[in-house]
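J.: Listed here are the chains, written in short residue letters.
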Amino acid sequence: MTPLDVASRVRDPELPVLTLADLGVLRDVVVRDGRVVVTITPTYSGCPAVQEMGADLRRTLRAAGYEDVEVRLSLSPAWTTDWISDDGRRKLAEAGIAPPSRIGPLAAGPVPLNLVPPSRRVACPRCGSLRTTELSRFGSTACKALRRCADCAEPFEHIKEI
Amino acid sequence: MSFDNAYESLIDHEDTHWAFGTGFSEALPGVDREVPSTVDAPDLFAYCLMLGDDALVLSQRLAEWCSRAPELEEDVALANIALDLLGQARLLLTRAGEVEGAGRDEDALAYLRDEREFRNVHLAEIECGPLAGGDFATTMARLLVFSSWKIAQYSRLRTFDDPVVAAVAAKGLKELAYHRDHAAQWVVRLGDGTPESHERMRAGVRRVWPYLDELFTAHAVELRLGVDSAAFRAEVDGVLDAVFAAARLERPEPVPAARVNGRAGRDGVHTEAMGYLLAEMQHVHRSLPGATW
Numbered sequence: 102m103t104p105l106d107v108a109s110r111v112r113d114p115e116l117p118v119l120t121l122a123d124l125g126v127l128r129d130v131v132v133r134d135g136r137v138v139v140t141i142t143p144t145y146s147g148c149p150a151v152q153e154m155g156a157d158l159r160r161t162l163r164a165a166g167y168e169d170v171e172v173r174l175s176l177s178p179a180w181t182t183d184w185i186s187d188d189g190r191r192k193l194a195e196a197g198i199a200p201p202s203r204i205g206p207l208a209a210g211p212v213p214l215n216l217v218p219p220s221r222r223v224a225c226p227r228c229g230s231l232r233t234t235e236l237s238r239f240g241s242t243a244c245k246a247l248r249r250c251a252d253c254a255e256p257f258e259h260i261k262e263i
Numbered sequence: 015m016s017f018d019n020a021y022e023s024l025i026d027h028e029d030t031h032w033a034f035g036t037g038f039s040e041a042l043p044g045v046d047r048e049v050p051s052t053v054d055a056p057d058l059f060a061y062c063l064m065l066g067d068d069a070l071v072l073s074q075r076l077a078e079w080c081s082r083a084p085e086l087e088e089d090v091a092l093a094n095i096a097l098d099l100l101g102q103a104r105l106l107l108t109r110a111g112e113v114e115g116a117g118r119d120e121d122a123l124a125y126l127r128d129e130r131e132f133r134n135v136h137l138a139e140i141e142c143g144p145l146a147g148g149d150f151a152t153t154m155a156r157l158l159v160f161s162s163w164k165i166a167q168y169s170r171l172r173t174f175d176d177p178v179v180a181a182v183a184a185k186g187l188k189e190l191a192y193h194r195d196h197a198a199q200w201v202v203r204l205g206d207g208t209p210e211s212h213e214r215m216r217a218g219v220r221r222v223w224p225y226l227d228e229l230f231t232a233h234a235v236e237l238r239l240g241v242d243s244a245a246f247r248a249e250v251d252g253v254l255d256a257v258f259a260a261a262r263l264e265r266p267e268p269v270p271a272a273r274v275n276g277r278a279g280r281d282g283v284h285t286e287a288m289g290y291l292l293a294e295m296q297h298v299h300r301s302l303p304g305a306t307w
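Going down the list, the sequences are from chains A and B.
Read in the working numbering, the first sequence has 155 at position 54, and its numbers run on one by one without any break.
Read in the working numbering, the second sequence has 274 at position 260, and its numbers run on one by one without any break.
Here chain A stands alone, though its shape is the one from the complex (with noise of 0.2 angstroms):
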């Protein structure tokens, strides 16, 4: 297997269902003069599982052979959810996390105020139904917003949109 092919298959230490290239973590795998350089750009800045995912890559790379790793930590451009693949988005829905819509470059201009939360629909990843409310815009990891369905009655959890 290739570098990539390697790197492309370690999971994110807090949502397993997905690959960092699911996830839109790993940015590049390139090998330069023998070394395998692998660039990350995390979710969010104070993201704990940064370092892990650091680990696991290089141990993964490790067990198959390639000895000399580097990762590297890229800032910018800025993660957003938009970086999250088609089939991470299936991979979400099928763990019962509804995924993020898509939102598009950050607009210019000042940064808009919502004194009410915006509205978006959300359909509930375990009955398909778009009647669901935000109960917390702030749920067990940074990424993620807590809501409930109207019809099945479930709370679930959302990859919220950034």
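What you were told as hints is all true, and nothing was included just to trick you.
Which chain A residues face chain B? A few, computed with CB under 10 angstroms, are given here:
no., residue
1, P143
2, P149
3, S177
4, V212
5, P213
6, S237
7, S241
Because the hints were derived from the structure by calculation, they are not lab data.
Where is the CB? At the ideal position from N, CA and C, for every residue including glycine.
Based on these hints, arrange chain B on the given structure of chain A.
T.: Just chain B, lined up with the frame of chain A:
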């Protein structure tokens, strides 16, 4: 190998842990570390401390709410917001240490500096609850003012000459937008709520108001780097007015910033609350130097 369960990876097989301790010394592995020729290195060091300390100190204050918030969702929300700010602080303090070039990492800067060496604004350090100085409404008033001001600041820093500061600002901006919305929605809910909640929200705004002026008083370092915080005022005023109108709150009269011989947080002159905050934040690291877990 990957793990089926995230916790398995904590039983580690090499020297990198994602909990506190080792491995935290490299918040910026592989990021271009060169100081741009257009920027004076001592000024950039000082400015990274200012930005990093704002984020670190407010993060510490917000973390004090953990297990004390009015509802479980707020425990989680405030901890999440604190974590975002801590992440920004780690990158900025690491950058400060690199630019200084004296071998200080983020831990040395966070835990081994004394009060006079911290460069955060007073708004970040004052007590706004849960223990003293206010309540949840006061904390939301502070978060609204702080994040509105930071958004104005980070928006301009996206094109800053130093690529690390510019990247942290571009990333942090998206996080701060969530923080400000959260605070603004609470200010409206409490201000436009019951007579009791309205009164407490009003008191919260009045508590933080005397610390507003400092936010728009540029330090000489900021001016030399071309970031004039006085220019943020109109944008921040516009946001606060929109929130106060929806919350049926009146904007208090301006209060001149309290300064000592013209100096304040950016010069290392702090309020009484700062020493207590640092004592709690630094105590373990100083009692057990080099301890990891």
